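Starting from the given sequences, assemble the full structure and let the hints guide the process.
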Amino acid sequence: MSSTKAPTVMSRRELLTLIGSVAGSAVSYRAMAGMGLVSESTYKGPIKLEGNPRGASVLILGAGIAGMVAAMELRNAGYKVQVLEYNNRAGGRNWSLRGGDSYTELGGFTQKCEFDPGLYLNPGPWRIPYHHHGILDYCRRLGVALEPFVQVNYNAFVHSTEAFGGKPQRYREIQADYHGQIAELLAKATNQKKLDALVSKEDQEMLLASLKSWGALDKDYKYAPGEASSNRRGFQKAPSGGLSARPVYSTDITGMSELLKSQLWASISAGHNYEMQTTLFQPVGGMGRIGEAFGRELASVIQYNAKVVKIRQDSKKVAVTYVDAKSGGEPRTASADYCLCTIPLSVLSQIDINVGAKMQAAINAVPYMSAVKVGLQFKRRFWEQDEHIYGGISYTNLPIRTIGYPNTGYHSGGKGVLLGAYVFGPNAFEFTALPPAERVKKAYEYGAMIHPQYKQEFENGIAVGWHRVPWTLGCAGGWTDETRAQHYDNLCQLDNRILLAGEHASYIPAWQEGAVTSSIDAITRLHQHVVNR
Amino acid sequence: MKSANHVIARTLCAALLLALAGAAQAQADLTSGTIFSKGYGFEEKDGEALYKGICQGCHMPDAKGATGAGTYPALAANPRLAAKQYPLVLVVNGSRAMPGFGHSLSAEQIAAVVNYVRTHFGNAYTDVVTPAEVKVLLPTKPETGE
Numbered sequence: 001m002s003s004t005k006a007p008t009v010m011s012r013r014e015l016l017t018l019i020g021s022v023a024g025s026a027v028s029y030r031a032m033a034g035m036g037l038v039s040e041s042t043y044k045g046p047i048k049l050e051g052n053p054r055g056a057s058v059l060i061l062g063a064g065i066a067g068m069v070a071a072m073e074l075r076n077a078g079y080k081v082q083v084l085e086y087n088n089r090a091g092g093r094n095w096s097l098r099g100g101d102s103y104t105e106l107g108g109f110t111q112k113c114e115f116d117p118g119l120y121l122n123p124g125p126w127r128i129p130y131h132h133h134g135i136l137d138y139c140r141r142l143g144v145a146l147e148p149f150v151q152v153n154y155n156a157f158v159h160s161t162e163a164f165g166g167k168p169q170r171y172r173e174i175q176a177d178y179h180g181q182i183a184e185l186l187a188k189a190t191n192q193k194k195l196d197a198l199v200s201k202e203d204q205e206m207l208l209a210s211l212k213s214w215g216a217l218d219k220d221y222k223y224a225p226g227e228a229s230s231n232r233r234g235f236q237k238a239p240s241g242g243l244s245a246r247p248v249y250s251t252d253i254t255g256m257s258e259l260l261k262s263q264l265w266a267s268i269s270a271g272h273n274y275e276m277q278t279t280l281f282q283p284v285g286g287m288g289r290i291g292e293a294f295g296r297e298l299a300s301v302i303q304y305n306a307k308v309v310k311i312r313q314d315s316k317k318v319a320v321t322y323v324d325a326k327s328g329g330e331p332r333t334a335s336a337d338y339c340l341c342t343i344p345l346s347v348l349s350q351i352d353i354n355v356g357a358k359m360q361a362a363i364n365a366v367p368y369m370s371a372v373k374v375g376l377q378f379k380r381r382f383w384e385q386d387e388h389i390y391g392g393i394s395y396t397n398l399p400i401r402t403i404g405y406p407n408t409g410y411h412s413g414g415k416g417v418l419l420g421a422y423v424f425g426p427n428a429f430e431f432t433a434l435p436p437a438e439r440v441k442k443a444y445e446y447g448a449m450i451h452p453q454y455k456q457e458f459e460n461g462i463a464v465g466w467h468r469v470p471w472t473l474g475c476a477g478g479w480t481d482e483t484r485a486q487h488y489d490n491l492c493q494l495d496n497r498i499l500l501a502g503e504h505a506s507y508i509p510a511w512q513e514g515a516v517t518s519s520i521d522a523i524t525r526l527h528q529h530v531v532n533r
Numbered sequence: 534m535k536s537a538n539h540v541i542a543r544t545l546c547a548a549l550l551l552a553l554a555g556a557a558q559a560q561a562d563l564t565s566g567t568i569f570s571k572g573y574g575f576e577e578k579d580g581e582a583l584y585k586g587i588c589q590g591c592h593m594p595d596a597k598g599a600t601g602a603g604t605y606p607a608l609a610a611n612p613r614l615a616a617k618q619y620p621l622v623l624v625v626n627g628s629r630a631m632p633g634f635g636h637s638l639s640a641e642q643i644a645a646v647v648n649y650v651r652t653h654f655g656n657a658y659t660d661v662v663t664p665a666e667v668k669v670l671l672p673t674k675p676e677t678g679e
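If you read the protein sequences in the order shown, they are chains L and S.
By the working numbering, the letter at position 498 of the first sequence is numbered 498, and the numbering carries on one by one without gaps.
With the second sequence counted from 1, adding 533 to any position gets you the working numbering.
These are calculated hints, taken from the structure and not from any lab test.
Just so it is clear, the structure is predicted and the values come from calculations on it, not from any experiment.
Check each hint, because a few of them may be wrong.
DSBU-like cross-link-like pairs, simulated, lysine-lysine; straight-line CA separation at most 30 Å [claimed, not checked]:
no., chain 1, residue 1, chain 2, residue 2
1, L, K441, S, K585
2, L, K167, S, K571
3, S, K597, L, K441
4, S, K585, S, K617
5, L, K358, L, K112
Listed below in structure tokens is the structure:
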């Protein structure tokens with residue numbers, strides 16, 4: 001901002017305009033949400049499809065979250081529903097790999113999961129923010145128990161091979177030192193009257209008070225060793241009881257220049273993002289519990305191992321040709337009045353389907369992104385026992401990018417499974433291109449640079465590269481502003497008797513809430529069409 | 534809803550930037566020579582390294598592709614590679630599920646990997662793609678990260 005005018009009192013509208021122009025519309029949207037001017041989710045509680053579908057039938061393709069939401073709600077509303085699913089299980093990307101599971105990726109590489117009972121890896125989604133009301137409501141309705149997912153752990157690590165001699169730093173210390181010194185710097189500029197052109201006299205007083213509070217500054221507006229800073233970054237010797245009770249303040253504050261050069265400030269902001277703000281949840285026993293619960297609910301209408309090869313609609317019905325996903329064999333046909341197709345676009349773009357040119361162009365317009373997760377089992381929960389890290393995430397610039405600690409089973413004496421890598425971007429391609437055992441080995445080697453205990457405690461691991469997942473060929477649809485502008489609405493329109501849904505038909509790609517809200521939007525429009533026909 | 538899109542784009546972008554923040558990292562691999570690139574672009578240089586670092590994730594080490602619910606086409610002995618423009622355009626722009634690499638690979642890298650595929654796996658085309666031929670196809674607008 002280069003304004004030289006001292007700010008005056010603003011109207012709410014002016015404030016929103018300013019926020020929008022400076023910070024972009026996303027921030028503006030969130031500011032509006034904060035003022036209660038827009039709602040934070042489109043989910044409005046259990047859907048009510050009123051009116052008689054008069055025996056109409058819907059064939060649903062895909063028993064992932066979007067397909068099963070549709071199947072459950074349409075069945076409740078009186079439709080005849082049938083679901084075809086490629087896999088031999090319900091859930092799609094809602095999926096947990098547990099001990100005893102076997103997973104064969106494209107290319108025929110098979111991994112057997114050797115985790116102990118109760119331990120798992122969520123290869124796909126692993127967290128649910130509190131404002132994803134839709135997926136949370138289905139957890140409630142299906143009796144899927146939830147527990148907290150820890151996004152921010154102040155005692156977890158931020159790590160860079162290029163800073164602090166490669167030694168992992170505690171999130172708590174980096175954040176406290178960074179905020180503290182930013183606050184001190186701003187306080188200094190304020191006191192030296194360098195902000196006079198930007199901040200009114202009256203506001204400067206409040207600014208100083210707020211900087212003191214936000215940055216843990218002392219009475220002289222310094223971020224310095226003492227009670228205030230130690231209460232944020234921790235103590236050299238923490239206060240306790242008895243004769244040894246007296247605290248010793250920490251003195252090893254990292255200077256601003258070293259902190260900036262370390263780049264670790266980039267690793268302390270993830271939890272500020274709307275999608276990762278407290279409170280987040282995970283299903284007890286693994287994310288896959290949601291898909292499993294849906295699958296039980298819909299057991300009588302889901303046909304597994306059905307690989308769709310052709311989708312044909314005419315003036316009377318939709319006919320879908322499928323073969324056995326494992327053995328191939330004779331094509332079979334299922335038909336219905338309508339078809340709700342949740343097949344990922346990576347796969348659907350290869351299936352013979354007679355929709356209009358615009359929808360076909362939209363189906364073909366969305367590339368699928370790369371992502372990799374690796375689960376590692378260790379003999380003991382050394383991150384808790386040795387490092388007092390209970391749940392949460394460490395971030396690193398190593399190719400593994402992430403170490404996720406189990407958010408459950410604290411202090412259990414037995415083994416534990418870490419998320420040993422969660423990778424996007426070029427490194428995800430590079431991980432995927434390795435044989436699975438090699439991915440596990442790399443996650444082990446890089447992780448050991450943060451937790452040397454890996455070397456003694458590692459037992460086994462399993463690795464999922466999403467471009468090798470046979471039923472999605474990628475982790476999620478990769479939209480751009482340009483492709484959305486050109487294709488998104490065309491993707492979501494009812495095309496005679498065919499309608500699409502899934503995370504790819506949402507503005508929250510890769511999140512389960514996108515699948516839920518997309519499905520509800522689609523079946524609401526379909527139902528209106530059916531009762532009005 | 535555009536704003537919501539930005540929320541996601543920014544979130545992903547922030548996550549990505551966060552992940553890539555370390556200016557340099559991961560010295561080469563400790564044991565096998567596997568390359569893990571440091572930033573938003575790939576660092577593999579020659580055709581074989583590029584194929585092994587990127588392409589074989591989908592098209593498989595033997596370039597024979599794979600089939601599940603959908604298919605990754607074989608590049609081995611693929612007559613469609615006869616016209617060099619075909620693989621060139623696909624690598625730059627992507628096609629359907631396949632992401633484009635016009636933002637994450639240089640003209641030199643794209644030429645190298647296309648030449649590699651067209652001279653291996655049962656393909657034996659003698660005409661060569663030059664970086665200059667790739668350059669004209671590369672997107673002019675830099676990736677904003679959004």
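Check your understanding: Given the hinted pair K597 of chain S and K441 of chain L, is their alpha-carbon gap at most 30 Å?
Key -> 26 Å, holds
Check your understanding: Within a Cα-Cα threshold of 30 Å, do K167 of chain L and K571 of chain S meet the stated pairing?
Key -> Given that 30 Å is the threshold and the Cα spacing comes to 19 Å, the pair holds.
Check your understanding: Is the hinted pair K585 of chain S and K617 of chain S satisfied, with a Cα-Cα distance of at most 30 Å?
Key -> 20 Å, holds
Practice item. Quickly compare the C-alpha distance for K358 of chain L and K112 of chain L to 30 Å and report which way the hint goes. Key: Violated, at roughly 43 Å.
**Study point:** 30 Å Cα cutoff - pair K441 of chain L, K585 of chain S
**Key:** Holds, at about 17 Å.
In the structure shown, a violation is registered for the earlier hint numbered 5 alone.
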